[in-house]
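K.L.:
Going by full-length UniProt numbering, the first residue of the sequence shown is number 1, and it counts up by one from there.
Keep in mind that the hints were calculated from the coordinates and are not lab data.
Any given hint might turn out to be false.
Said to hold, decoys possible - Restricting the straight-line Cα-Cα distance to at most 35 Å, the calculated cross-link-like pairs of lysine-lysine (DSBU-like) are: (1) Lys179 <-> Lys213; (2) Lys179 <-> Lys102; (3) Lys213 <-> Lys246.
Stated by the list, open to error - Here are the simulated distance ranges between beta carbons: (4) Arg292 <-> Ile42: 39 to 45 Å; (5) Ile277 <-> Gly64: 52 to 58 Å; (6) Leu276 <-> Thr242: 31 to 37 Å.
Even for Gly, the Cβ is constructed at its ideal location relative to N, Cα and C.
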Amino acid sequence: MLRLIKRSKRSKPAFDPATVPPDQMSGLTLRILAVNIIAIMILGLGILYLGQYTDSLVQGELAGLRSEAQLFSGAISEGAVRPVYQISPVPFESPQEIDAIKPELARRMVRRLGEIGSSRIRLYSIDGTVLADSHQLANSGMGDVEMEKLMPVPPKVTFDSLFAQSATRFLDLIPMKTKLPQFPDGDITNIYTFPNTQTALTGNVQASAWENKDSRIVLTVAAPIQRAGQVMGVVLLLRDGTELEKSIAEVRVDVFRVFLGSLGITVMLSIYLSGLISRPLQRLAFAAEAVRTGKGRYVEIPDMSHRNDEIGDLSVAL
1 MLRLIKRSKR
11 SKPAFDPATV
21 PPDQMSGLTL
31 RILAVNIIAI
41 MILGLGILYL
51 GQYTDSLVQG
61 ELAGLRSEAQ
71 LFSGAISEGA
81 VRPVYQISPV
91 PFESPQEIDA
101 IKPELARRMV
111 RRLGEIGSSR
121 IRLYSIDGTV
131 LADSHQLANS
141 GMGDVEMEKL
151 MPVPPKVTFD
161 SLFAQSATRF
171 LDLIPMKTKL
181 PQFPDGDITN
191 IYTFPNTQTA
201 LTGNVQASAW
211 ENKDSRIVLT
221 VAAPIQRAGQ
231 VMGVVLLLRD
241 GTELEKSIAE
251 VRVDVFRVFL
261 GSLGITVMLS
271 IYLSGLISRP
281 LQRLAFAAEA
291 VRTGKGRYVE
301 IPDMSHRNDE
311 IGDLSVAL
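All chains should be built: construct the whole structure from the sequences, respecting the hints.
P.N.:
Quick look at the structure:
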């Protein structure tokens, strides 16, 4: 005669509170952190879209430089263009009166205009000769003297400056810069090969943004000098993007600072919130497990009725 013996299913090992490290982060805490940090990470991803902000700044700077070039070309056209007599190639024919740029007047105007702005001004005649350069001092007794900008005095080292430098180095690792064409250093002296001056020779104004060999932004604008529809020369404005890059770097550091601050506050609030929820639940779970396993004649259930929430209701029910 066979006896059927019913085997009970192997029960799961009892939940022992002693096996849970007190410093171990609970799953509920991780979920709360994950939900809150995702929202902050979305703000952090906004740093990647600073490339659009850079484009808008570059275009705004080019628009201002374009207006400046048109103003300078109009001023030179009115103040440095004088009628001159050109000898006719036909024998016994009287010389013809034409308009041309007076080099000495043009140099004075370019030197004065260069003092009121931050751009380098180069003035070319229609045949490509450089008539004036705001960064060169002509007739100084030693020939043409090239002027160069002095390096600024290093600022005082502070916590903000160290943070800005560290943040800038970190953000430079993120590819967010707009790719600009390489600045043609060798073609700037030849108005027939430099793209901006080529367009200016046709009577139009052209502005461009470049990147030099040091990965710095360079802005250029070329405008024609014309009288009665006739192009007599070209004025070329060059401006480095130091101030532009400084503004972009400041915005990037500010966004990064806000991101770090928001992240820190979010983590602290998430840990505090998880402590209000997960720790009481763990205490109730420990007490319920002790009752289930029958450890001791008397098991104290934590009284959390003062919370006036679902966890307090659970403690009362237990």
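K.L.:
Each hint: holds or not?
P.N.:
Structure-based check of each hint:
Under the criterion of a C-alpha separation no larger than 35 Å, the hint pairing Lys179 with Lys213 is consistent with the structure, at around 13 Å. In summary, the hint linking Lys179 to Lys102 is not supported, as the alpha carbons are separated by about 40 Å, beyond the 35 Å threshold. Under the criterion of a C-alpha separation no larger than 35 Å, the hint pairing Lys213 with Lys246 is consistent with the structure, at around 18 Å. The hinted range of 39 to 45 Å is satisfied by Arg292 and Ile42, whose Cβ atoms lie roughly 43 Å apart.
Roughly 56 Å separates the CB atoms of Ile277 and Gly64, a value that falls within the hinted 52 to 58 Å. Against the hinted window of 31 to 37 Å, the Cβ-Cβ separation of Leu276 and Thr242 comes to about 51 Å, which falls outside the hint.
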